[in-house]
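Chemist: Residue-level listing of the chains:
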Amino acid sequence: MIRFTKVESLMVPLVCDNINTDAIIPSKEIRTVSKNGLADGLFAGWRYLDSDRTPDPSFVLNQRLYAGAEILGGGENFGCGSSREQAVWALAEYGFRVIIAPSFNSIFRRNCIRNGILPVQLDPGPVIAVPGPVTVDLEQRSVTASDGRQWSFAIEEEAATMLTLGLDEIEFTLKSRDKIDAFRDADRAERPWAYL
Amino acid sequence: MPKTLFEKIWNRHAIDGDDQASLLLIDRILLHERTGGVALKSLAETGREIATPSHVFVTMDHVVDTLPGRTDDTLMPTGRDFITTTRREALAAGLTIFDIDDPRQGIVHVISPEQGIVLPGLTLVCPDSHTCSQGALGALAWGIGSTEAEHALATGSLRVNRPATMRITVHGALRQGTTAKDLALHIIRRLGSSGAKGSAVEFAGSAVDDLEVEGRMTLCNMAAELAAFTAVIAPDQKTIAFLQDRPFAPKGEAWEMAMRHWQDLRSDPDAEFDTEYAFDACEVVPMVTWGTSPDQAVPLVGAVPDVLAATGDEAEARTRDYMNVMPGAAVSDLSITAAFIGSCTNSRLSDLRRAASVLKGRRIASHVRAICVPGSGQVKAAAESEGIDKLFRDAGFEWREPGCSMCFFAGGESFAADDRVISSTNRNFERRQGPGTRTHLASPETVAASAVLGRIGGVADLPPLQRETDA
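Chains A and B are the protein sequences, given in the same order. So for the first sequence, my numbering puts the first residue at 1; every next one is plus one. So for the second sequence, my numbering puts the first residue at 1001; every next one is plus one.
Simulated from the structure, these hints should not be mistaken for laboratory data. Just so it is clear, the structure is predicted and the values come from calculations on it, not from any experiment.
Output of the computed footprint for chain A on chain B, the stretches with three or more beta carbons under 8 Å from beta carbons of chain A:
hint: 1; region: 1017 to 1025
hint: 2; region: 1257 to 1268
hint: 3; region: 1425 to 1435
Glycine residues also receive a C-beta, built at the ideal position from the N, C-alpha and C atoms.
The whole structure should be built from the sequences, with the hints applied where relevant.
Modeler: What follows is the structure in structure tokens.
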């Protein structure tokens, strides 16, 4: 996983509440048992006018200004709906590294952290109001607009570490395997009915 | 210190951690071919083993066809890949699999309670957002991503941020003709689709106690549409009676021991929740959604809102445009072209019984295509032994094989672009059931009644059946 430190980019404004994972990656765009090959299906229902995939010029992602943008600004409850991690894989493959939204769905947020996307819980409105690129600094927990205005955000230490180090969480947890095994053994003695 | 039901289950499973987050022991992992196969495949590619294979269960529900005579080939162009990959990896890992030809196969959140896989007091995860349905049995059950599923499989544990707690108490009793689905839509309408943002919700109160276990599953299922972390209901005698003698439930002495453990699985009288809401069940009436978010719900006798919300005018206009509804229009004036009964929300035997009782002696309107998809092979078999399938078929419904089916459009079969569907499912998102398809969520009996009426309507709107007179 790519290590996350700092991102400087324009922010794509998609500030609409309850953007769900069906919209981010429609089910029919999930064609293979793979974490790759999903970027083309990102926001497919909004991005394309027809089945030939003619870009809808009115959709923000199709505006030339935002080509290569790495920051997405969203509304409340971003990523609600289906747990499909393909939504995050598609966003990451497309090139997004940061999503700024007032609130996130909890499964979606956890999926972001495990795939190198930084979820910044912050109202993107005032940031979008300032033209020009935005800088998101994970270590400083800050979002800075081109005119120097700055907003701070919070993220739990563990998630920040995982993003900064591009950590494989399984590897990390398996270091505590003895502890988990001991816990399970003790639990099995107390709750034998829970074991198959 | 008094504790909530959620805290009791959480604390018992906390291997490590602090007030903010814990590494939790995971008792059961459920997988389906849509999001589970990719987790199994990825795990195998990294050469990692599954910590406790006997605690992992796999089913085919999401992309498998629901037409009779189905095979691994699906109407969805690449569905076969999901099915065969999941099967191959599950078998290689020695997991219990409910495959297409298995009479126990079905929707993951239907078969887990049915098989006694979920039990009170367990932690259970599945890469599926409606895993919260299973909290109805008193388990801590929540939806995760595929990467988290890999972690749970490899380590038997998950690192979880401790959610806030919320209690939703429903006083009084539901009126005749109103169901758990109506209650859920009533609550979601009031609290909004992010109303329980990341919280562990406990449903309580006399109206919840009065619900049968299957109705409780419907209620907990819809907590996903409140953006809850999960939902849970304290186990009681109904829960115990429901689970006793199920195939994977404990037996004999283990069962007795489990029942003793479950006695403490309730929130202590003075336990504090971060948020509390109270509802009066008497105020709940049959509900239906008019928009593209589950909180856009109104009573069946109501109308599409004509006053725009202070914010999001543009979004509401877009919603009305997609749904082709006029502000202020009565929802009962909306003509439907399709009806669907199924999904992890409302496809259990009691759901089908209630819908069938509405359909008995009636025919669906000639312009309506109606489909019923039982939630599992066991639900289907039980329904057929009661003659329920015949009531559905005689009324003009298709009667299908178990699966998620047309709850969502995966690229295969779908409703048509201009179809207006009354559906017993959980999501009315744009394009959820097909490109351009408009979805209205409601209870199974409202779906059945609407199918007969050819428009959105309830059981109360149906003309009385003509009495068969003696010649």
